[in-house]
Each structure stands twice: as structure tokens, then as C-alpha cells.
Amino acid sequence: MNVQVEPRERVLASTYACVARFGMGKTTVEDVVKESGVSRASIYRLFPGGKDQLLRETVGWEMNRFFTRLAEAVYDAPDFASLLEEGLVFAHRAIQEHEVLRKVLETEPDRLLPLITVEQHRVLDFITAFLLPYLEREQRAGRVRPGVDLQVAAPYVARLVLSLIGSPGRWDMDDPEQVRLLVREELLGGILV
Amino acid sequence: MVLPTMSHEAESLSPAPTESIEDRAVRATLACVARHGLAKTTFDDVAREAGCARATLYRYFGGKRQIVRITIAREAARIAASIRAAADAEATFEDAVVAMFVRAARELRDHEALQFLFAFEPEVVLPHVTFDAGTRFLVGAGSAISPALTRFLPAERVERTGEWLARVALTHALAPTSPIDLTDEAETRAFVRELVLPGLLRPEPTT
Chain A
6 MNVQVEPRER VLASTYACVA RFGMGKTTVE DVVKESGVSR ASIYRLFPGG KDQLLRETVG
66 WEMNRFFTRL AEAVYDAPDF ASLLEEGLVF AHRAIQEHEV LRKVLETEPD RLLPLITVEQ
126 HRVLDFITAF LLPYLEREQR AGRVRPGVDL QVAAPYVARL VLSLIGSPGR WDMDDPEQVR
186 LLVREELLGG ILV
Chain B
265 MVLPTMSHEA ESLSPAPTES IEDRAVRATL ACVARHGLAK TTFDDVAREA GCARATLYRY
325 FGGKRQIVRI TIAREAARIA ASIRAAADAE ATFEDAVVAM FVRAARELRD HEALQFLFAF
385 EPEVVLPHVT FDAGTRFLVG AGSAISPALT RFLPAERVER TGEWLARVAL THALAPTSPI
445 DLTDEAETRA FVRELVLPGL LRPEPTT
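As they're listed, the protein sequences go chains A and B.
The opening position of the first sequence corresponds to residue 6 in the working numbering, with each subsequent residue numbered one higher.
The opening position of the second sequence corresponds to residue 265 in the working numbering, with each subsequent residue numbered one higher.
In case anyone wonders, no lab produced these hints; they're calculated from the structure.
Fair warning: there could be bad hints in the mix.
From chain B, some residues computed to sit far from chain A (all C-beta separations above 12 angstroms) [what the hints assert, rightly or not]:
1) 328
2) 342
3) 345
4) 377
5) 385
Among the chain B residues that face chain A by a calculated CB cut under 8 angstroms, a handful are [to be verified]:
6) 303
7) 387
8) 404
Residues from chain B that keep clear of chain A, each with C-beta distances beyond 10 angstroms, as calculated [what the hints assert, rightly or not]:
9) 284
10) 326
11) 419
Keep in mind it's a predicted model, so treat the numbers as computed, not measured.
Cβ coordinates follow ideal geometry from the N, Cα and C atoms, glycine included.
Sequences are here, hints too, so could you generate the full structure?
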């Protein structure tokens with residue numbers, strides 16, 4: 006089974022390493038061949054779109070890793086509001102400290118941002134699916150406002166969380182009191198009682 | 265994208281016709297971008313579209329970069345004014361918020377130049393509305409619409425609320441896979457009532 010999964014993962018991890026070193030524009034399929042040890046022919050079989058597809062899928066791969074780490078960091082929070090508070094603080098710090106992201110945002114935002122936007126719907130689906138069980142638990146405990154449709158509320162919270170992670174705006178995500186206010190008023194005021 | 269409006273000495277020297285040269289240049293730039301995008305639009309294209317001699321336009325603006333900057337600043341100011349006007353026509357906070365979202369979404373939908381950029385040159389728009397630039401955009405957009413909120417909210421909540429409304433609108437504009445169509449008034453009203461307003465009215469309701 007791993008025979009098919011493994012080279013693909015290796016190629017994506019190698020593309021990521023090449024981007025970290027050379028940037029998106031200068032990374033070539035040859036670089037990825039060298040870095041991964043996977044042949045050029047195999048890479049094209051896995052990614053028929055060549056460099057463009059490699060870059061796009063590598064962005065998606067890293068976003069997936071990022072949000073998986075985020076989910077692992079907060080999954081055992083005691084309630085939904087705390088989950089979001091912890092998640093925002095963790096994600097904000099992780100974005101600040103993400104060296105590859107920082108570097109590419111600085112030097113090649115025009116290449117990176119459209120790819121992040123293309124891959125964003127998958128992240129939204131991921132966050133929505135992650136949040137839904139916690140919201141259902143709140144609902145069972147009678148803490149969701151009457152009339153709130155969780156199928157609408159979960160994607161709403163997901164998209165605003167994603168917005169806050171990238172662009173905190175006026176909110177200082179290093180200040181727990183501010184994050185608490187943001188989550189309990191703006192973000193969840195319409196959802197929790 | 266919210267840039268300070270620049271003042272031009274040259275403007276005060278113009279004979280004040282019905283449409284200033286800056287108006288014409290802005291309109292021409294928008295038309296060119298809507299047709300060919302930003303990268304392919306040249307200074308000559310704008311001059312031709314505006315019906316101005318290249319040399320005249322150059323004297324006023326000095327190049328494509330400046331014309332684009334002025335166009336962005338003017339459009340941002342125009343759209344912000346349109347959104348404030350939509351709120352000003354309403355009597356309650358809920359009606360005002362619904363009207364602002366619907367107006368913003370329709371301004372975006374009907375904006376041919378922005379639609380072209382979103383579809384074909386996202387790399388031109390996204391660096392101005394995401395990550396750190398997104399923070400600057402939200403703070404600017406929030407301040408721009410705040411004057412329309414002062415009659416509904418305690419003073420200390422005004423800018424904070426303006427920014428949140430801008431954020432909700434921006435996130436729908438950037439990922440339009442949303443289940444909610446903000447150009448639709450009934451849908452927007454249900455969404456605002458259920459998810460947005462209660463959070464803005466905590467802890468002390470004002471309507």
C-alpha cells in the first residue's frame with residue numbers, strides 16, 4: 006500500500022525543502038529529483054502538471070500539516086470557546102514562527118497567495134469538520150442558542166478563524182484577555198448562550 | 265488597498281470642466297483593467313481610453329504606477345462612501361448591517377475591473393488583503409465604515425465593530441464557496457440576525 010503513497014509524500018516533502026532553499030520561482034523539477042531521489046519520470050507520472058502542480062500540491066500539503074498540528078494542539082480543550090482561544094493563540098504563534106512561510110510571503114507573495122487561496126476551501130472543510138463535533142457537544146449540553154443551525158454556524162466560525170489566523174487586525178493574539186473577548190463576543194456571541 | 269488620497273497641485277490649475285482629468289483617468293483605468301487586466305494595461309491605453317494626449321496625462325500623473333494608485337484610492341473611497349450611505353438610509357442597527365453587507369457584496373459583484381483581477385490576476389489583489397496586509401486592510405476598511413455605526417453603538421465599540429463587519433465581508437469575498445450569498449438581502453438578514461449581531465451586541469444590547 007505504501008508503495009504508492011510513499012514516493013508521493015517524499016516528493017512533496019522534497020519540493021517543500023527546495024522551496025525553503027531556493028524559493029518557488031527558482032525551484033525546478035530537477036531540484037526535486039535530486040532532493041527526493043525519485044526519478045523524473047515517476048515525478049511526472051505522479052504530478053502530470055509538472056512544476057505548477059508540484060508547487061500547488063506542496064502548498065496544500067503544508068497547509069494540511071499546519072492545520073493538523075493545530076488540531077493536535079487543541080483537541081482536548083475543555084469546551085468550544087477554550088478550544089478556539091487556544092487554537093487562535095497557537096496558530097498565531099505558529100504563523101509568526103513559520104520561517105518558510107515568512108520568507109516566501111516576503112519575497113514571492115504573488116506566487117504563493119493565489120495557491121493558498123486555491124487550497125483554502127480544503128482547509129475550510131477541514132476546520133469545519135474538526136469543529137462540528139465540539140459544537141454538537143455544546144448543543145447536547147444546552148449551551149447553543151436556540152435556533153442556531155450548526156451546519157451554518159460551523160463553516161461560519163471556520164472561515165472567521167482562518168481570517169483571524171492570517172490577519173488578526175486590531176486583536177493582539179498574544180494577550181489572552183483580548184483573545185477571550187474576541188472569541189466570546191464577536192466570534193461566538195451568536196452561537197453560544 | 266485603502267491608500268490616502270493624494271492632492272495634486274495640477275488639479276487646482278485645471279479649468280474645472282464637468283469631469284476633471286483625474287475623473288477621466290480613473291474611469292479609463294478601470295475600463296482598461298476590466299478589459300485586459302492590470303499587467304497588460306499600458307499608460308498609452310489609459311490615455312487613449314481617456315481621450316487625453318499622452319503628454320497631458322503624463323504631466324498630471326507621471327506614469328502608470330501613480331495612475332493605478334490614485335484609481336485604487338478613489339475606488340476605495342467611493343465604495344466606502346457607498347457602504348456608509350447604505351447604512352445611513354436605515355433606521356435600526358440590524359437593517360444598517362444588512363444594508364452594508366448587501367451593498368458591499370453588490371459593489372464587488374458589479375465591479376468589472378475587480379472581477380477581472382480576482383478571476384485572472386489574483387496575484388495583483390491578494391497581497392493587499394491577506395496576512396499582514398490583510399490586517400492593514402481590515403483596520404482601514406473598519407475605520408472607513410465606522411462613521412455609519414456611531415449612532416447605534418457605544419463609542420468604544422464602534423471601530424471594533426466596523427473591523428469585524430469588514431472581516432466578515434472580506435472572508436466571504438475571498439472564499440466565495442460560502443453557503444451565504446451576501447448579495448441576497450433575505451439570506452443576508454437571516455445570517456446577520458442569527459450569527460453576526462448577537463456577538464456585536466454583547467455584553468450590553470443597545471437596540
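A quick look at each hint next to the structure:
No beta-carbon of chain A comes within 12 angstroms of the beta-carbon of residue 328 of chain B; the shortest separation is about 17 angstroms. Its beta-carbon lying about 23 angstroms from the closest one in chain A, residue 342 of chain B satisfies the requirement of being farther than 12 angstroms from that chain. No Cβ of chain A approaches the Cβ of residue 345 of chain B within 12 angstroms, the least distance being about 22 angstroms, so the stated non-interface status holds. Distance check for residue 377 of chain B against chain A: the nearest CB is about 18 angstroms away, which clears 12 angstroms, and the non-interface claim stands.
For residue 385 of chain B, the requirement that its beta carbon stay farther than 12 angstroms from each beta carbon of chain A is not met, with the minimum near 9 angstroms. Proximity of residue 303 of chain B to chain A is violated relative to the hint, the smallest CB-CB distance being about 11 angstroms (cut-off 8 angstroms). Satisfaction of the interface hint for residue 387 of chain B is found here, the shortest Cβ-Cβ separation to chain A being roughly 4 angstroms, below the 8 angstroms cut-off. For the restraint placing residue 404 of chain B at the interface with chain A, the shortest Cβ-Cβ distance is roughly 10 angstroms, beyond the 8 angstroms limit, so the hint is violated.
Consistency note on residue 284 of chain B: stated as away from chain A, and its beta-carbon is indeed over 10 angstroms from all of that chain's, at 33 angstroms minimum. For residue 326 of chain B, the shortest C-beta to C-beta distance to chain A comes to about 24 angstroms, beyond the 10 angstroms cut-off, and the non-interface label holds. Non-interface call for residue 419 of chain B relative to chain A: holds, since the shortest CB-CB distance, roughly 15 angstroms, exceeds 10 angstroms.
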